[in-house]
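Just so you know, the protein sequences line up as chains A and B, in that order.
For the first sequence, counting from 1, position 191 maps to 191 in the numbering used here; every step adds exactly one.
For the second sequence, counting from 1, position 41 maps to 279 in the numbering used here; every step adds exactly one.
One thing to keep in mind: the hints can contain errors.
[To be verified] To give an idea of the interface, some chain B residues facing chain A are shown, with a C-beta separation under 10 Å as derived from the structure: (1) N240; (2) K388; (3) T463.
The set of hints was computed from the structure by calculation and includes no laboratory data.
Glycine included, C-beta positions come from ideal geometry on N, C-alpha and C.
2 protein chains.
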Amino acid sequence: MNLILLFEEDFIAADTIRLTGRRLRHINEIHRAQTGDILTVGQLGGKIGAGEITTITKSSLEMHVELQSESPAPLPVTLVLALPRPRVLNRTLIAATSMGVKKIYLLHTNRVEKSFWHSPVLNEEKLKHSLILGLEQAKDTLLPDVYLRKRFRPFVEDELPLIAQNTRKLVAHPEISVASSDAEEIATTLIVGPEGGLIPYEIEKLSAIGFAGISLGQRILRVETAVPVLLARLFRKE
Amino acid sequence: MNLILLFEEDFIAADTIRLTGRRLRHINEIHRAQTGDILTVGQLGGKIGAGEITTITKSSLEMHVELQSESPAPLPVTLVLALPRPRVLNRTLIAATSMGVKKIYLLHTNRVEKSFWHSPVLNEEKLKHSLILGLEQAKDTLLPDVYLRKRFRPFVEDELPLIAQNTRKLVAHPEISVASSDAEEIATTLIVGPEGGLIPYEIEKLSAIGFAGISLGQRILRVETAVPVLLARLFRKE
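So here's chain A without its partners, still in its complex pose (with noise of 0.2 Å):
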């Protein structure tokens, strides 16, 4: 938790936050924070800054907070992912938001385990929770989208063109033709598949509305560490 996340409900004054719970918990046992202490807060969806701890006992903690700074820059893309396994999900979605992603569509292909979409990782509260530690680790404050498509066609041939419309359009898929992947602020719509990869007539769908393949080399990634590594040469800054 490099930024204490604030939400409306914490804000007692304009500029006073009271908290309790989860985030309470780890300034006291992680930053082990004390009365006069400067941590770096963000509000939800606005500024980031410094607050002060007033307060602070093990049930509850109050802050003075200044609120100045713009959040990090977003990356210009918008991922698709084919829906991982539960866990991997999780991390995923966390390293993706600690990158700058900020739009993710969740899509089911043909080698995704129907079972994945029962998963309770996917209700809204345990999703924005995995958001928000990612944003917590990055010092951002703007939650990304997340969209459940559990149809790969209507997906692909209705949706999927309009969101992909003036953007880079890559598929992380060896057997298509391979895209320049010259690391430039480029919009860009990213499509990663499953496990399993994806099926010949997934990729031929794709390909169709112009996207291109990308290639992580001779090595199989798990999602993971595939996501970061696509986002790392894709979007390179220094």
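We have chain A; now place chain B onto it with these hints.
Here is chain B on its own, set in the frame of chain A:
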């Protein structure tokens, strides 16, 4: 498990192996393999090839194997990692191994919690298990070497200059001069600090023996994400 890793004791003849335990369970439950199926196999430290299942039951499996391909090229990097907390260590070792890192030093620095050194994940068998998961993921057979270094100063003064000799010397720390990060296949020694960062004394010591900074940008990433991102930027291959 994209490759079934074979150990010397699995061979019951020059071209025949027998499996039990974890790998057998995986082949039964995930691959749902049957007699006649062909799986990718590789011998620890050796070659990669195909294994044809000759018999399979719940308790044992035999394969006829032919090993003729080389394992994928390693990354020309030595990774020096401030010892992260145990769960993060596991995931980072798997990710780094899957990306082809073959030499890993786990180092104590000022902000590494001393208790991490007492974790059972550091025993030889547990470490090896994480490395094997990384190899199986990336269809590799060459086990990385992992070295534990519990004292920062003797390591940096006596060992690191030799380790890093004739390599690009980089430390993932934003506050020292930033090196160019042209992605090239040049031998590199990469140091990644602990969650709380390296302290000024440590940075000075590293700077003195030629290490330059490499930045991850404004966002702070988890170690398990930062390592793949750094490797992806340093060694870009299509």
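Here is what the structure says about each hint:
no.: 1; hint: N240; result: 5 Å, holds
no.: 2; hint: K388; result: 23 Å, violated
no.: 3; hint: T463; result: 5 Å, holds
Hint check: a violation occurs at hint 2 only; the rest are consistent with the structure.
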